[in-house]
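Position in the sequence shown (first residue = 1) + 1011 = this note's numbering.
Heads up, some of the hints might be wrong.
[As the list claims (entries may be wrong)] Heads up, simulated DSSO-like pairs for lysine-lysine below, C-alpha to C-alpha not over 27 Å straight-line:
1) K1023 with K1058
2) K1219 with K1191
3) K1191 with K1208
4) K1135 with K1065
5) K1023 with K1065
6) K1135 with K1082
[Unchecked claim] Label-pair distances were calculated between CB atoms; the ranges are:
7) S1234 with K1208: 27 to 35 Å
8) K1119 with G1193: 16 to 24 Å
9) V1139 with H1201: 29 to 37 Å
Worth flagging that the hints you see were computed from the coordinates, not collected in a lab. We put the beta carbon where it would ideally sit given N, CA and C, even for glycine.
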Amino acid sequence: MDVIRAERITKKFGDFVALNNVEFRMKKGEILGLLGPNGAGKTTLVKILNGIMKPTSGRVSVLGCDPLERKMRHRIGYMPQETALYLDNTVHENIMFFGELYGLSKDKILKREKELLAFTNLEKWRNVIVANLSGGMRHRLSLACALVHEPELLFLDEPTVGVDPELRTAFWEYFYRMQKDGVSILLTTHYMEEAAKCTMLALMRSGKIIAQGTPADLMAKTSATTLEDVFLKIGKVMER
1012 MDVIRAERIT KKFGDFVALN NVEFRMKKGE ILGLLGPNGA GKTTLVKILN GIMKPTSGRV
1072 SVLGCDPLER KMRHRIGYMP QETALYLDNT VHENIMFFGE LYGLSKDKIL KREKELLAFT
1132 NLEKWRNVIV ANLSGGMRHR LSLACALVHE PELLFLDEPT VGVDPELRTA FWEYFYRMQK
1192 DGVSILLTTH YMEEAAKCTM LALMRSGKII AQGTPADLMA KTSATTLEDV FLKIGKVMER
């Protein structure tokens, strides 16, 4: 079953083409990584897929629906690259706000909060104002808020930026656990070692998806030993 289907997605900002006829599919239960350098169009594509931005042209289906439909909000989670937190409120108040936004009961939110604060190692900062947290802590809180309603499909824009290696490992253990429970995860990254952990990859460059497949398949097809080599080899072919 396809949880995402993108057909000839183009996005223009004036004369600038951010996405150029992007096409790809994502199946249920996959951890799909959008891998590419800054400016490749990864964040723009994610915003279109979760209904924050409209494409200039093309069609998008997410969980069988138009992502612009309001009913989709309860089925997807989104952790943006830029913080969407309320800086003047506490960690607890932010989690409560997002839980209420998704229609959860107070008891359910408090139960999820306990689980998520333990997972993100923010228990000691529960009653701290978000403005007083480090960038890495805010990033962890953003992930907790994206997960509070237990979404079917999770969008993560650079989820481990500013996170220490130990917590990054914990994040991935949690991602794999969610995958086993049937959650589909789409994340953006420019880290090769993180891309290697994904079950599927879509390589992006200059607003286009230039290749898609498992990390092993992409390396085999290009006779490469690393994903960095894959990216460089495919890029050279495109330049010819």
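How the hints compare with the structure:
Straight-line distance between C-alpha atoms of K1023 and K1058 comes to about 14 Å, which keeps the hinted pair within the 27 Å bound. Using a Cα cut-off of 27 Å, the hinted pair K1219 and K1191 is violated, with the two alpha carbons roughly 30 Å apart. For the proposed pair K1191 and K1208, the alpha carbon gap of about 15 Å is at most 27 Å, so the pair holds. Note on K1135 and K1065: the hinted pairing is violated, with a Cα-Cα distance of about 40 Å set against a maximum of 27 Å.
This hinted pair checks out: K1023 and K1065 have alpha carbons roughly 10 Å apart, not beyond 27 Å. Note on K1135 and K1082: the hinted pairing is violated, with a Cα-Cα distance of about 35 Å set against a maximum of 27 Å. For S1234 paired with K1208, a C-beta distance near 22 Å fails the hint of 27 to 35 Å. A beta carbon spacing of about 19 Å between K1119 and G1193 agrees with the range 16 to 24 Å that was offered as a hint.
The hinted range of 29 to 37 Å is satisfied by V1139 and H1201, whose Cβ atoms lie roughly 30 Å apart.
Going down the numbered hints, you'll see the structure goes against 2, 4, 6, 7, while the others check out.
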